[in-house]
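**Student:** Here the structure of chain A is known, so what remains is to put chain B in place on it, guided by the hints.
There are 2 protein chains.
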Amino acid sequence: MALIVQKYGGTSVGSVERIQNVAKRVARASKKGNGLVVVVSAMSGETDRLVEYANELSTEPPEREMDLLMSSGERVSAALLSITLNGMGVPAESFTGRQIGMITDAVHMKARIRKITGERLRRTLGEGKIAVVAGFQGVDEKTGNVTTLGRGGSDTSAMAIAVALKADMCEIYTDVDGVYTTDPNIAPNARRIDAISFDEMLEMASLGAKVLQTRSVEFGKKYNMPIYVKSSFTDGEGTLVTEELKEMEDVLVSAVAYDRNQAKITLSHLPDKPGIAAQVFSLVAENGINVDMIIQNTSEKGFTNISFTVPKNETKLTIKTLKPFVGDIGAKGVTADEKISKVSIIGVGMRSHTGVAAKAFTALADASINIKMISTSEIKVSCVISVDEVDRAVRILHDTFNLALPPKKRAVKKKK
Amino acid sequence: MALIVQKYGGTSVGSVERIQNVAKRVARASKKGNGLVVVVSAMSGETDRLVEYANELSTEPPEREMDLLMSSGERVSAALLSITLNGMGVPAESFTGRQIGMITDAVHMKARIRKITGERLRRTLGEGKIAVVAGFQGVDEKTGNVTTLGRGGSDTSAMAIAVALKADMCEIYTDVDGVYTTDPNIAPNARRIDAISFDEMLEMASLGAKVLQTRSVEFGKKYNMPIYVKSSFTDGEGTLVTEELKEMEDVLVSAVAYDRNQAKITLSHLPDKPGIAAQVFSLVAENGINVDMIIQNTSEKGFTNISFTVPKNETKLTIKTLKPFVGDIGAKGVTADEKISKVSIIGVGMRSHTGVAAKAFTALADASINIKMISTSEIKVSCVISVDEVDRAVRILHDTFNLALPPKKRAVKKKK
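For the record, the sequence lines run as chains A and B.
Each residue of the first sequence is one higher than the one before, starting from 9 at the first, in the working numbering.
Each residue of the second sequence is one higher than the one before, starting from 9 at the first, in the working numbering.
Isolated chain A, as found in the complex (with noise of 0.2 Å):
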């Protein structure tokens, strides 16, 4: 018997029609002899209507009341959809965070999972019922209050299950039926893909942001924790985010991120001094300013130039925050650009072949698109250019790695 995890969110919970559509799927599942805990979000709209009222009562709402709050969402849907399953004949019972034991640290609105004791989830298992359980939401072991676990937490709880369990793998139901070779809305040919490793999916944050958390990803490969990315509104199969299995090397590339919310900051003309750069991203880092891509070049004899990129929504932070360095340390100044954004292409293929990334340079130069900056990993390559040019650099560069094509069919052979 597989013990399975299943998550399914705020829009597949979103009204009592939906609701006895989860119940369906579920029954569905447990029938075929599954031991089965189904994590839920609040209704989709819940959680907003309970934030808007919070937000016209107070300015500064203490976080601690806010999470007592919002997790009153989560476990309306648990109860519901219980209710829904043993109305169907099919027994099952509800719990909060607290009541499965979800223990996790004290800061509130983003708490941190310490551990799930699970007791009562095995007990309910052990009794041929299914567990419903109330995601988002823990408690803090040591005062008793309610916490929750920040954005995309009812994956997180989802996970934390799944791991805590030894179940064998952890459904994450959506309104998307997986995770695309890149955006369909801007490469129409765009694919599903079946099956995914791990660190590409990490790579993938951009696209894989609106399926997958990237701390559900972190979670899944630490513990190796399979995960299986499945639209509740169609019975069709879905991605399988899994550790790396060997087949997939044999693709140079798996899919095309891109990022439109990224500027560039740029500090001209710095002094060539060991530890500049140690300075500059010690500050920024002090600031709590996300640093993505960096390069350092030198400009001429003794003088060097720094690059960043940082989420939009942080360039007048980053300029505020080196703007008196800059002076201090007798620099021309610092600049930002928002015109700006970042390609990718992902692929653990890239680890055993070489080209790549020549290969996505040349499609692009081909199409006179300028390269502002590059970084690269193992698996991945990024450049940054125009946020004009965009949209048409996905569609190159989807095209130039075939990736309308199945896996199979672009498969080639090692050559180290």
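No lab work stands behind these hints: they were computed from the structure.
One should not assume that every hint holds.
Pairs involving identical chains hold if they fit within one copy or between any two copies, as the list cannot separate such chains.
Claimed, not checked - Capping the alpha-carbon separation at 25 Å, the derived lysine-lysine pairs in DSS-like fashion look like this:
no. : residue 1 : residue 2
1   : Lys230    : Lys254
2   : Lys150    : Lys137
3   : Lys340    : Lys229
4   : Lys150    : Lys123
5   : Lys340    : Lys230
**Tutor:** Here is chain B on its own, set in the frame of chain A:
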């Protein structure tokens, strides 16, 4: 420093504006230097909305799941009120039933409170903060399951907390400004009662039910915890429900109550032998029927009639229950009259003054109102009359005992 428990009902916290209004009241009470625990119900309509969902999803929702579902509304109100208070600069913390240690038995949807550990409440008060508590809910200590306290559960929560913390008073805020000498819709000259004894309030269930749950009054009486019922929408005075005060005895009648929801059941021509009544009422009790007034008369030699009243919606069940029995013991039959009502006068003054009942009967007789049944207690006289005459009877009795006048003006000297 006084310690006060305040309870605000669903309509009092029914919108963002109303929550702000409640917060202002709480802040004002706090500024007087009082220690404050504030118990809240779910925003009006919230619980109904959830129950409706459940009923759409199942014809027989399990009670354990219903409790998890229904307990969420109070948590939302508590968090929102606490957020509002903090936003106003008034330190507050919100708590669930479990967090304050509200331990109940395991009877879902109508759990009884076993004890309140209350450590967190004491600590919070000790820190000079207001404790805002989600009413209506507790936790079954053995299983950790969420329980709810049934109808009027938030009142019960408030009273139990007041007793556990040895508070000075429990204030129940609602949408009416107190308890009246009778229903103002029937007698427009009805007046708000300033102070009434627990016993009188219990006898007034039919009037008081809209304002105060019987269970809370019983609790108040048992632990001598004064209850102040007050409107959360106006600034006027309310009604104090308290232990019996000396001056209360000087008033013959405190209020006139009525109950239209009664049916009269008659068993006629029963053999007049010992144990017959016991058999009848054992049978009725076994079927969960709530009997109110009972009258037994001997009609002719060797035979007797028994009449009693039950809630109208239990008429059919009563007839069904007694029909076979009536045949067995050779009675003439069992009949029901649903066109009746009960009118009552209530007052602790009756204990020390004679002639009150006679005065009431005379007043009704003078108005040609026929009395079908009479039942009396130490502080109450109830008459069953035709349902068509109930409004007139209420007005007549209200006027007969001068209830439109302030109690002092109608006080009489004791003559035993």
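**Student:** Hints first: check each against the structure and report whether it holds.
**Tutor:** Checked hints:
no.	hint	in the structure
1	Lys230 x Lys254	within (19 Å within a copy, 75 Å between copies)
2	Lys150 x Lys137	between (30 Å within a copy, 20 Å between copies)
3	Lys340 x Lys229	neither (44 Å within a copy, 81 Å between copies)
4	Lys150 x Lys123	both (13 Å within a copy, 22 Å between copies)
5	Lys340 x Lys230	neither (44 Å within a copy, 81 Å between copies)
Going down the numbered hints, you'll see the structure goes against 3, 5, while the others check out.
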